[in-house]
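Sequence order for the protein chains is V and B. With our numbering, the residue at position 92 of the first sequence is 92, and numbering never jumps. Adding 294 to a residue's 1-based position in the second sequence gives its number in our numbering.
Honestly, the hints are just simulated from the structure, not real lab data. Incorrect hints may have been included.
Simulated DEER-style distance windows between Cβ atoms [stated by the list, open to error]:
| hint | chain 1 | residue 1 | chain 2 | residue 2 | range |
| --- | --- | --- | --- | --- | --- |
| 1 | B | R301 | V | Q181 | 29 to 39 Å |
| 2 | B | R428 | V | Q34 | 55 to 65 Å |
| 3 | B | S321 | V | G197 | 28 to 38 Å |
| 4 | B | E601 | V | P13 | 46 to 56 Å |
| 5 | V | G197 | B | S467 | 34 to 44 Å |
| 6 | B | D390 | V | I87 | 52 to 62 Å |
Quick look at which bits of chain V chain B covers, simulated, 3 or more residues with Cβ under 8 Å [stated by the list, open to error]:
| hint | stretch |
| --- | --- |
| 7 | 182 to 190 |
| 8 | 194 to 200 |
Keeping only pairs whose Cα atoms sit at most 30 Å apart, straight-line, the calculated DSS-like set for lysine-lysine is [said to hold, decoys possible]:
| hint | chain 1 | residue 1 | chain 2 | residue 2 |
| --- | --- | --- | --- | --- |
| 9 | V | K101 | B | K316 |
| 10 | B | K369 | V | K185 |
| 11 | V | K185 | B | K463 |
Beta carbons: idealized from backbone N, C-alpha and C, even for Gly.
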Amino acid sequence: MERRAIFPNKKLPYLLVAPQMAITLVFFFWPAGQAVRQSLYQEDPFGLSVTFAGLANFHRIFADPNYLYSLQVTFIFAIGVTVMTMIPALLLAALIDRVVKGKLVYQTLLIWPYALAPAVAGILWLFMFNPGMGTLAMLIRSTGYNWDPSLNGTQAMLLVMVSAAWKQVSYNFLFFLAGMQAIPKSFIEAAAIDGAGPMRRFWTIIMPLISPTTFFLLVVNMVYAFFDTFGLIHAVTAGGPGKDTETLVLKVYNDGYVNLNMGGSSAQSVVLMVIVISLTIFQFKYVERRVHYS
Amino acid sequence: MAQVELRNVRKTYPGSAAEVIKGVDVSVGDGEFLVLLGPSGCGKSTLLRMVAGLESISSGDAVIDGKTVNQLEPKDRNIAMVFQNYALYPHMSVFDNMAYGLKVAGLPKAEIAQRVGEAAEMLELTPYLERKPRALSGGQRQRVAMGRAIVRKPAAFLFDEPLSNLDAKLRTSMRMQIKQLQRRLGVTSLYVTHDQVEAMTLADRIMILNQGVVEQIGTPMEVYSQPASLFVAAFIGAPGMNFMDGTVSGGGHAVTLKTGEVLSLGSGAVASAQDGREVTLGIRPEHFALTPEGDGAHLTLTADYIEQLGADTLVHGKFGTGMLVVRVAGERSVAEGDKLALTATPEHLHLFDRESGRRIG
Numbered sequence: 001m002e003r004r005a006i007f008p009n010k011k012l013p014y015l016l017v018a019p020q021m022a023i024t025l026v027f028f029f030w031p032a033g034q035a036v037r038q039s040l041y042q043e044d045p046f047g048l049s050v051t052f053a054g055l056a057n058f059h060r061i062f063a064d065p066n067y068l069y070s071l072q073v074t075f076i077f078a079i080g081v082t083v084m085t086m087i088p089a090l091l092l093a094a095l096i097d098r099v100v101k102g103k104l105v106y107q108t109l110l111i112w113p114y115a116l117a118p119a120v121a122g123i124l125w126l127f128m129f130n131p132g133m134g135t136l137a138m139l140i141r142s143t144g145y146n147w148d149p150s151l152n153g154t155q156a157m158l159l160v161m162v163s164a165a166w167k168q169v170s171y172n173f174l175f176f177l178a179g180m181q182a183i184p185k186s187f188i189e190a191a192a193i194d195g196a197g198p199m200r201r202f203w204t205i206i207m208p209l210i211s212p213t214t215f216f217l218l219v220v221n222m223v224y225a226f227f228d229t230f231g232l233i234h235a236v237t238a239g240g241p242g243k244d245t246e247t248l249v250l251k252v253y254n255d256g257y258v259n260l261n262m263g264g265s266s267a268q269s270v271v272l273m274v275i276v277i278s279l280t281i282f283q284f285k286y287v288e289r290r291v292h293y294s
Numbered sequence: 295m296a297q298v299e300l301r302n303v304r305k306t307y308p309g310s311a312a313e314v315i316k317g318v319d320v321s322v323g324d325g326e327f328l329v330l331l332g333p334s335g336c337g338k339s340t341l342l343r344m345v346a347g348l349e350s351i352s353s354g355d356a357v358i359d360g361k362t363v364n365q366l367e368p369k370d371r372n373i374a375m376v377f378q379n380y381a382l383y384p385h386m387s388v389f390d391n392m393a394y395g396l397k398v399a400g401l402p403k404a405e406i407a408q409r410v411g412e413a414a415e416m417l418e419l420t421p422y423l424e425r426k427p428r429a430l431s432g433g434q435r436q437r438v439a440m441g442r443a444i445v446r447k448p449a450a451f452l453f454d455e456p457l458s459n460l461d462a463k464l465r466t467s468m469r470m471q472i473k474q475l476q477r478r479l480g481v482t483s484l485y486v487t488h489d490q491v492e493a494m495t496l497a498d499r500i501m502i503l504n505q506g507v508v509e510q511i512g513t514p515m516e517v518y519s520q521p522a523s524l525f526v527a528a529f530i531g532a533p534g535m536n537f538m539d540g541t542v543s544g545g546g547h548a549v550t551l552k553t554g555e556v557l558s559l560g561s562g563a564v565a566s567a568q569d570g571r572e573v574t575l576g577i578r579p580e581h582f583a584l585t586p587e588g589d590g591a592h593l594t595l596t597a598d599y600i601e602q603l604g605a606d607t608l609v610h611g612k613f614g615t616g617m618l619v620v621r622v623a624g625e626r627s628v629a630e631g632d633k634l635a636l637t638a639t640p641e642h643l644h645l646f647d648r649e650s651g652r653r654i655g
């Protein structure tokens, strides 16, 4: 019994989406096209000569162990960030219902981290966990644990993951909260009368009913981890130590803008694009099947 | 199967001084069907939710099967509830919806399948067991909600306006089904509604609530023929009872209306000491009779608006400064402006105290 609004004006809808389309075309499709074109050419560092190279750039990056390592780093990072984002966000959203006093204060404070620019968030965490002067780093070191993310790759990875997740928890929290609030109270009450305790209700009623939200956030978080964390990682570790936190976007930047290998960098960004597109398609095709839209 | 008892149950919401439920006492017998009737906001749903354990009880006791349940979680009260919007889990099939409570209770699979199967059979839901609620019609959803309550074999059923989302025709047939089912299962039931027809047809006894106060508890016929207060008198019956102001006269044997007419109370006479007491006289539209003009004491009604319902005719008309509604059996050709002479049988007159609104005879 879905009702559709029918607009008699045929041009107006196009006019209304035009600004968004223009932005997408100029800032997404055009550069994406450029990248695809550039990935087929080889250029000298000074941009003086350009020669067509076919798929040579692609052959080269896939033969490069550094690239394959970066690929591995990126997947670990993306999965880690997604998990570290969604679980706390879900927990916070589920628990806020039980907060009696100052609910609004909690909600507001929980949203603040999202307002920070990625690089600023990165700097913040860098300071807190800097082994030389970081407050929290001191705390960790006082337990006798040798905390130094600038030397230990695993620790560095953990640091960037946590800071990237921390920033994104707000956003996830908001969506989970909205999703949970959209569930009619009578479902929960019916389940309570049916004998289900809070945990059981959460897993058998709430989780399935917010699955569209969860699915949406899964896609958004993966894309966030792949692309939007550049500023943060760049500020915190710049990909180091060694190449232990050099995700694909960082490598695209390093190879292209630092090492001036334009063709190789473009090929990498094309691969990155393909990965994200196929991940999204995969998620829509397989994960969405388990989603219940009401 | 059990008794449900409320003892001086009260409800105040935290942070508010006003009492929503102001001391309700009622005992629902084993297998009895009690309907909680009242206008919206009278507290009937709140009361039901307090029995269910979805709302806390501020003071007083709720007792199910001899056990005070005030502090128990809903799941430990051994009740089942049917919600107004059915509250069917949208992501589960009809089978899973009905089986949910049993699965939670940890019953063996075979028994779950058997119980759900029986309930589905009873409710004619067998062909729909694999469907999701959204693929069902309103009436089918309603039956699934019933099924979910039945399979648990609870001590009591609680119904919260279960039929108000259905169209009129379906409502009538579902009403019958609910009644038959309740008879068959013999489960004590509390049923909340604002629809007096539902209350009259379903109830063994009706409890009429007004602003958190019980106005009357009685069988449908008691409530209809002996309303305890003006509120009950006005609430039960459609079209509603006619009210006229008057004074007790003739040594308690008659009422003199403000308009001058004197109506005999017949066997319904009150004590002679009541003479001069200000009362409100109530007469149901169906308890008037037409008489030939000039034949004894009567009221004269000027017809103003006529509704032909087929089976009977409703005449709305002016009487004194107010309006009266008269129900006349069958078709009757009455034109606007016609003067009708009416008598009312003394045994069908209701007297209420003008101040308190309570019944006096």
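Now for the hints, and whether the structure bears them out:
1. In this structure the hint that B:R301 and V:Q181 lie 29 to 39 Å apart at CB holds, the actual value being about 37 Å.
2. The hint said 55 to 65 Å for the Cβ distance between B:R428 and V:Q34, and at roughly 47 Å that hint is violated.
3. Distance hint check for B:S321 and V:G197: the Cβ-Cβ separation is about 31 Å, which falls inside the suggested range of 28 to 38 Å.
4. About 50 Å separates the C-beta atoms of B:E601 and V:P13, a value consistent with the hinted range of 46 to 56 Å.
5. As the Cβ distance of V:G197 to B:S467 is approximately 37 Å, the hint placing it in 34 to 44 Å holds.
6. Separated by about 27 Å at the C-beta atoms, B:D390 and V:I87 break the suggested range of 52 to 62 Å.
7. With 5 residues carrying a beta carbon less than 8 Å from a beta carbon of chain B, the stretch 182 to 190 of chain V meets the three-residue requirement, and the given coverage holds.
8. Check result for the stretch 194 to 200 of chain V against chain B: holds, 5 residues qualifying (beta carbon to beta carbon below 8 Å, three or more required).
9. A hinted pair counts as satisfied when its Cα atoms are at most 30 Å apart, and V:K101 with B:K316 qualifies at roughly 28 Å.
10. Distance restraint check for B:K369 and V:K185: the Cα-Cα separation of roughly 16 Å lies within the 30 Å cut-off, and the hinted pair is therefore satisfied.
11. Taking the CA atoms of V:K185 and B:K463, the gap is about 29 Å. The hint holds against a cut of 30 Å.
This entry does not satisfy hints 2, 6, going by the numbered hints stated previously.
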